[in-house]
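Q: Sequence:
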Amino acid sequence: AALAAVIIAAVVFMVEFHVIKPIWRTNKMDLIPAAATFISCLLIRLELGIVIGISINVIGLLYASARPSVHVEKHRTDWGCEYLIITPDRSLVFPSVEYVRNTVRKIGVKHGSSSIPVVIDSRHVQGVDFTAAKGVKSLIDDFVFRNQPLFFYNLKPSVVEVFQAMQPVKFLHCDTEQQLHSLLRGHCAKTTPPQIQ
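Numbers 2 to 198, taken from this note's numbering, label the letters of the sequence shown in order.
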């Protein structure tokens with residue numbers, strides 16, 4: 002008991018209660034693993050409390066990586082061709098690829114009426130894994146099936162290599178805005194009905 006009292010007296014000043022307020026102001030979600038760790042360390046054994054806190058934090062990180070933000074904008078070219086630009090905010094890896102694939106598919110149908118071109122701006126995609134490449138191939142196949150053009154814009158060369166290794170049917174990508182407009186012009190020329198004179 003005396004040893005426990007000495008340890009508690011030495012450790013009590015190491016608890017930093019003053020950090021709770023800044024954490025609350027910046028990101029309230031960071032308090033969940035901290036509070037869970039603290040409470041479980043008090044109620045259960047110390048090592049189990051730490052494992053519980055780490056587990057909660059890892060679950061939070063996995064959820065955040067599995068649900069990237071996807072920004073959507075509708076654009077029109079100078080010659081009147083409408084298209085959607087979809088920008089995921091991070092790389093495509095195993096936890097996030099299915100979510101991004103379903104989101105792009107739904108946006109293509111809902112906002113694009115299953116006909117106007119969809120451009121995936123990949124400026125934030127630094128890398129992909131095998132599962133992501135399979136998901137992108139499946140996404141391309143979905144768009145080919147419903148005859149809706151899908152273009153990839155701003156892809157890193159290493160990402161292009163990974164996607165091409167999956168041998169998708171119509172993998173159309175471009176690096177510059179001029180190349181993108183050329184692809185869009187080619188599509189719009191095919192879909193524009195002939196003028197009746």
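Source of the hints: derived by calculation from the structure; they are not laboratory data.
Where is the CB? At the ideal position from N, CA and C, for every residue including glycine.
Worth double-checking, as some hints may not be accurate.
Said to hold, decoys possible - Calculated cross-link-like contacts (lysine-lysine; reagent style DSS-like; alpha-carbon spacing at most 30 Å): (1) 22 <-> 107; (2) 135 <-> 107; (3) 135 <-> 157; (4) 138 <-> 111; (5) 135 <-> 171; (6) 75 <-> 22; (7) 157 <-> 171; (8) 75 <-> 29.
What the hints assert, rightly or not - If you anchor each label on the Cβ, the simulated ranges turn out as follows: (9) 32 <-> 179: 24 to 30 Å; (10) 103 <-> 76: 21 to 27 Å; (11) 16 <-> 145: 36 to 42 Å; (12) 77 <-> 148: 43 to 49 Å; (13) 32 <-> 75: 36 to 42 Å; (14) 36 <-> 7: 44 to 50 Å; (15) 95 <-> 2: 19 to 25 Å; (16) 26 <-> 146: 25 to 31 Å; (17) 179 <-> 95: 16 to 22 Å; (18) 70 <-> 6: 32 to 38 Å; (19) 103 <-> 62: 18 to 24 Å.
Q: The structure should be examined with respect to each hint, and the outcome stated for every one.
A: Tested hints:
1. 22 <-> 107: With Cα atoms ~40 Å apart, residue 22 and residue 107 exceed 30 Å; violated.
2. 135 <-> 107: Status holds; Cα separation ~18 Å.
3. 135 <-> 157: Holds: residue 135 and residue 157 sit about 17 Å apart, inside 30 Å.
4. 138 <-> 111: holds (21 Å)
5. 135 <-> 171: holds (14 Å)
6. 75 <-> 22: Given that 30 Å is the threshold and the Cα spacing comes to 41 Å, the pair is violated.
7. 157 <-> 171: holds (18 Å)
8. 75 <-> 29: The given pair, whose Cα atoms are some 34 Å apart, is violated under the 30 Å limit.
9. 32 <-> 179: 24 to 30 Å: violated (49 Å)
10. 103 <-> 76: 21 to 27 Å: For residue 76 against residue 103, whose Cβ atoms are near 23 Å apart, the range 21 to 27 Å holds.
11. 16 <-> 145: 36 to 42 Å: violated (59 Å)
12. 77 <-> 148: 43 to 49 Å: Given about 21 Å between the Cβ atoms, the range is violated.
13. 32 <-> 75: 36 to 42 Å: Since the Cβ atoms of residue 32 and residue 75 sit about 39 Å apart, the hinted range of 36 to 42 Å holds.
14. 36 <-> 7: 44 to 50 Å: violated (27 Å)
15. 95 <-> 2: 19 to 25 Å: Roughly 51 Å apart at Cβ, these two residues miss the hinted range, so it is violated.
16. 26 <-> 146: 25 to 31 Å: Distance hint for residue 26, residue 146 is violated at roughly 49 Å.
17. 179 <-> 95: 16 to 22 Å: Check failed, 34 Å falls outside 16 to 22 Å.
18. 70 <-> 6: 32 to 38 Å: This hint is violated: roughly 50 Å between Cβ atoms.
19. 103 <-> 62: 18 to 24 Å: holds (21 Å)
Checked against the numbered hints given earlier, this structure breaks hints 1, 6, 8, 9, 11, 12, 14, 15, 16, 17 and 18; the rest are met.
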